[in-house]
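Engineer: Work out the full structure, taking the sequences as your base and the hints as a guide.
Residue numbers (the numbering used here), protein chains in the order written: chain A, 1 to 205; chain B, 1 to 214.
Any given hint could be a false lead.
[Claimed, not checked] 30 Å max Cα-Cα, derived DSS-like pairs, lysine-lysine:
1. B/Lys-208 <-> A/Lys-10
2. B/Lys-208 <-> A/Lys-33
3. A/Lys-10 <-> A/Lys-36
4. B/Lys-42 <-> A/Lys-170
[Unchecked claim] According to the in silico footprint, chain B covers these stretches of chain A (three or more CB under 8 Å from chain B):
5. 133-141
6. 148-155
7. 169-183
[As the list claims (entries may be wrong)] Counterexamples of contact, computed for chain B against chain A with all Cβ distances above 10 Å:
8. Asn-12
9. Thr-54
10. Val-88
11. Phe-136
12. Val-194
Since the hints were made in silico from the structure, they are not lab data.
From the three backbone atoms N, C-alpha and C, an ideal C-beta is built for every residue, glycine too.
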Amino acid sequence: MENLINIFVKSIFIDNMVFAYFFGMCSYLAVSKTVKTSMGLGLAVIFVLGITVPANYMLNKYILAEGALVWLDPSMADVDLSFLSFIMFIAVIASMVQLVEMIVEKFAPTLYSSLGIFLPLIAVNCAILGGSLFMQERGYTSLAEATSFGLGSGIGWLLAIVGIAAIREKIRYSNVPAPLRGLGITFIVTGLMGIAFMSFMGIKL
Amino acid sequence: MSDKEPLFSAKNRKLLTNPLGSDNPITVQVLGICSALAVTAKLEPAVVLTISVTAVLALANVIISLLRHTIPSRIRIIVQLVVIAALVILVDQVLKAFAYDVSKQLSVFVGLIITNCIIMGRLEAFALGNRPWPAFLDGIGNAAGYGIILVIVAFFRELLGSGTLYGFQVIPQAVYDMGYENNGLMILPPMALVVVGIIIWVQRSKDKSLIESN
Numbered sequence: 001m002e003n004l005i006n007i008f009v010k011s012i013f014i015d016n017m018v019f020a021y022f023f024g025m026c027s028y029l030a031v032s033k034t035v036k037t038s039m040g041l042g043l044a045v046i047f048v049l050g051i052t053v054p055a056n057y058m059l060n061k062y063i064l065a066e067g068a069l070v071w072l073d074p075s076m077a078d079v080d081l082s083f084l085s086f087i088m089f090i091a092v093i094a095s096m097v098q099l100v101e102m103i104v105e106k107f108a109p110t111l112y113s114s115l116g117i118f119l120p121l122i123a124v125n126c127a128i129l130g131g132s133l134f135m136q137e138r139g140y141t142s143l144a145e146a147t148s149f150g151l152g153s154g155i156g157w158l159l160a161i162v163g164i165a166a167i168r169e170k171i172r173y174s175n176v177p178a179p180l181r182g183l184g185i186t187f188i189v190t191g192l193m194g195i196a197f198m199s200f201m202g203i204k205l
Numbered sequence: 001m002s003d004k005e006p007l008f009s010a011k012n013r014k015l016l017t018n019p020l021g022s023d024n025p026i027t028v029q030v031l032g033i034c035s036a037l038a039v040t041a042k043l044e045p046a047v048v049l050t051i052s053v054t055a056v057l058a059l060a061n062v063i064i065s066l067l068r069h070t071i072p073s074r075i076r077i078i079v080q081l082v083v084i085a086a087l088v089i090l091v092d093q094v095l096k097a098f099a100y101d102v103s104k105q106l107s108v109f110v111g112l113i114i115t116n117c118i119i120m121g122r123l124e125a126f127a128l129g130n131r132p133w134p135a136f137l138d139g140i141g142n143a144a145g146y147g148i149i150l151v152i153v154a155f156f157r158e159l160l161g162s163g164t165l166y167g168f169q170v171i172p173q174a175v176y177d178m179g180y181e182n183n184g185l186m187i188l189p190p191m192a193l194v195v196v197g198i199i200i201w202v203q204r205s206k207d208k209s210l211i212e213s214n
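Structural biologist: This is the structure we're talking about:
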């Protein structure tokens, strides 16, 4: 249990998707103009990460990893399908995103229209695929660990995008040098936020 | 577009050169930021990733452009993802076979070429509506524009952060003896963002038409 909380907190603050690995920067920069839309996108990312990471964990454990097909037949112990993991992961992610899109369109049409093209683009958001690939690379040992990593990463991403959206709403009233306006200042503010987040680095649970 | 158009007509040359400057994928189109920032602590991974992205982007552009009349538009995203993922698996296997150390260093970022927005963005915006040869040039051009930013960022981060370039020591020992220290902050992730921010600042100061309203 302690281990699960450790992974959860670590993936929110220390290994934050945005500040430590720059995952999902494209939508992070493009959708962070207002707090409301960024909140919606953040929730969608949490949901998709919370489903795809455990789903891909099962896929990896029972089909893709070396010797994973033993449950089918003992003679398949040395079959290694892990070279297929990219294409399998992206297929799971794309279908999950399609599902989320349909749910959001049905129950929150205003959010759906304000997110626009960025909802289908969650499928190609690096944060989602990155979550699955990190899960595979770090070798989490149980489904619970994979789930808490997925949810934690999603919450960390939400935290980052809502934070930058709030700052950008205020920055609109400041006198930024003309060439830095928009994209440039957002990069630099994100860098400063990243330095602030680094102060969590020493924390051990 | 006639068939007799020369291979390097003015229009085709523009496809190659525009992404290097006024239509740069990273600083103007805001595509493909994630990997650009994460692998630039050293020059070597940055160069390797640039080559990989060039190969994937040029080939994917050509393939999608050849298939553009047969792909139903409702499922085009899945088709594009399958083409990209297949190409990235090839690149990944090649890297693992011939450049294992760099492949370990790049870790998940090779796989993340799949979700690199440059590739999806160019496929959507260009390859779906153009013939294979211009699509190929567009792929090479955009990958080069992406690579240039990667190399510039990696150059400054490696030079100031570890005093080396491509793994070779360039700042002589005598300078260290006089009290110079490597700036450890440059190696840390947040500084990549600041360096890109400064590049955008320099570029937009030169080219006023790129300035955004707040």
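Engineer: Of all the hints numbered above, which does this structure not satisfy? Sort the numbers upward.
Structural biologist: Numbers 1, 4, 6, 10, 12, in rising order.
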